[in-house]
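Q: For chain A, the structure is supplied; the task is to place chain B on it using the hints.
Heads up: the sequence lines are chains A and B, in that order.
According to full-length UniProt numbering, the first sequence holds residues 1 to 205 in order.
According to full-length UniProt numbering, the second sequence holds residues 1 to 205 in order.
There's no promise every hint is true.
The list treats identical chains as one, so a pair stands whether inside a single copy or across any two.
As the list claims (entries may be wrong) - Dumping the calculated BS3-like pairs for lysine-lysine here, alpha-carbon to alpha-carbon at most 27 Å:
1) K111 x K21
2) K16 x K72
3) K49 x K21
4) K49 x K149
5) K156 x K170
6) K26 x K49
7) K111 x K54
8) K111 x K170
9) K21 x K149
10) K72 x K149
11) K72 x K54
12) K156 x K16
13) K26 x K149
14) K111 x K72
15) K16 x K149
16) K26 x K54
17) K156 x K49
18) K170 x K21
19) K26 x K144
20) K156 x K21
21) K21 x K54
22) K144 x K170
No wet-lab data here; the hints were simulated from the structure.
Note that the structure is a prediction, hence the values are computed from the model and not measured.
2 protein chains.
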Amino acid sequence: MTESTNITWHDSEVTKEERQKLNGHKSAVLWFTGLSGSGKSTLSVEVEKQLHHKGLRTYRLDGDNIRHGLNKNLGFSPEDRTENIRRIGEVSRLMVDAGVLTLSAFISPYKEDRDQVRELLPDGEFLEVYVECSLEECENRDPKGLYQKARAGEIKGFTGIDAPYEAPEKPELTVNTTTASIEESAGQIIDYLAGNGYIQAAAEK
Amino acid sequence: MTESTNITWHDSEVTKEERQKLNGHKSAVLWFTGLSGSGKSTLSVEVEKQLHHKGLRTYRLDGDNIRHGLNKNLGFSPEDRTENIRRIGEVSRLMVDAGVLTLSAFISPYKEDRDQVRELLPDGEFLEVYVECSLEECENRDPKGLYQKARAGEIKGFTGIDAPYEAPEKPELTVNTTTASIEESAGQIIDYLAGNGYIQAAAEK
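Just chain A, with the same shape it has in the complex (with noise of 0.2 Å):
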């Protein structure tokens, strides 16, 4: 009878729990939060490349795989940055529920945005990692020249000049980039990983 064929083979869906043992880690989305200038991308890219060589499944999304793609059809009101971050936590929890370690970085700066993402989440799969860095510093860097063009009223709305940042109170991770270079930050998320069972200590490739 089709019908009860139907759900038996729904009851032989590949789980979550299968992916993660097939790749012999678990999975869950290190949630990159911070500043512009931060160093969000540049150490959730490093963080990737040294989960990678490990032999860990792995996927980065940031502004230039989402911004372009996905959310192409979202401007920067209120409401389409928060159905910016609503998307992009949707996409992370297909890509935890898929056994991939997922780096996601943006400014993502109101905690409730972010909190809704961690609700996505089952515990213990969404890690917020605090890229903490002072706003004089984030402006001193300016790698992109952000700053410079909202303090002269060329981009309205930016986080830090014009529009709050709201730093996360209860982050699974906290990375000061002013004090520690990216190597050491990203030393200080793999050693978390590690030692809260998310990855093998020693694991290699």
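A: Just chain B now, kept in the frame of chain A:
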């Protein structure tokens, strides 16, 4: 200097090709399209199971994990149906970029929508699988009782009844679930992947 360091780090991002090498297989999306009741979902579950048991990295996108998550703010108007498929296409693209053999099972009745997803993916990474099954047979199966409701006018705009289904003109693969069993159809798809170099012919876990 921060700016040049930034550039250097970004040059060393992990690539799709490196992920595929780690996985030992190529990545692509198997895009299952067909009428409600044609067997798309059942077939995609079976194919994923077989690929997973070969030790390959897989993920399946379907109504359950999309309509209640990423696309929960979409309805069933023509515009929303198009946006639904567009987002699924974008997520498929990200999954394929992550090195994952992705199975997307959605009616996706409009040729234009499917072709737009094809355009999103690099050549050879969108594999359209036409799950062929006569309307009569689908209506006989009616596993969820949806055709009955559509015929009674309780569901409007139901594909095959009062909304069109545009069959693929040049799908990479056609399977016919009226004449072949789910196991046979799954075998046909696995053979295609092996015969075209996506996976190893004798790949075992």
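Q: Each hint needs a verdict: does it hold in this structure or not?
A: Each hint tested on the structure:
no.	hint	verdict
1	K111 x K21	neither (33 Å within a copy, 38 Å between copies)
2	K16 x K72	between (29 Å within a copy, 22 Å between copies)
3	K49 x K21	both (21 Å within a copy, 14 Å between copies)
4	K49 x K149	neither (32 Å within a copy, 52 Å between copies)
5	K156 x K170	neither (29 Å within a copy, 48 Å between copies)
6	K26 x K49	both (17 Å within a copy, 20 Å between copies)
7	K111 x K54	neither (33 Å within a copy, 42 Å between copies)
8	K111 x K170	within (11 Å within a copy, 48 Å between copies)
9	K21 x K149	neither (48 Å within a copy, 42 Å between copies)
10	K72 x K149	within (23 Å within a copy, 37 Å between copies)
11	K72 x K54	neither (33 Å within a copy, 36 Å between copies)
12	K156 x K16	neither (42 Å within a copy, 35 Å between copies)
13	K26 x K149	neither (42 Å within a copy, 43 Å between copies)
14	K111 x K72	both (23 Å within a copy, 22 Å between copies)
15	K16 x K149	neither (45 Å within a copy, 34 Å between copies)
16	K26 x K54	both (14 Å within a copy, 20 Å between copies)
17	K156 x K49	neither (34 Å within a copy, 50 Å between copies)
18	K170 x K21	neither (30 Å within a copy, 38 Å between copies)
19	K26 x K144	neither (35 Å within a copy, 35 Å between copies)
20	K156 x K21	neither (47 Å within a copy, 43 Å between copies)
21	K21 x K54	both (16 Å within a copy, 14 Å between copies)
22	K144 x K170	neither (30 Å within a copy, 45 Å between copies)
Hint compliance for this structure: hints 1, 4, 5, 7, 9, 11, 12, 13, 15, 17, 18, 19, 20 and 22 are not met, and every other hint is.
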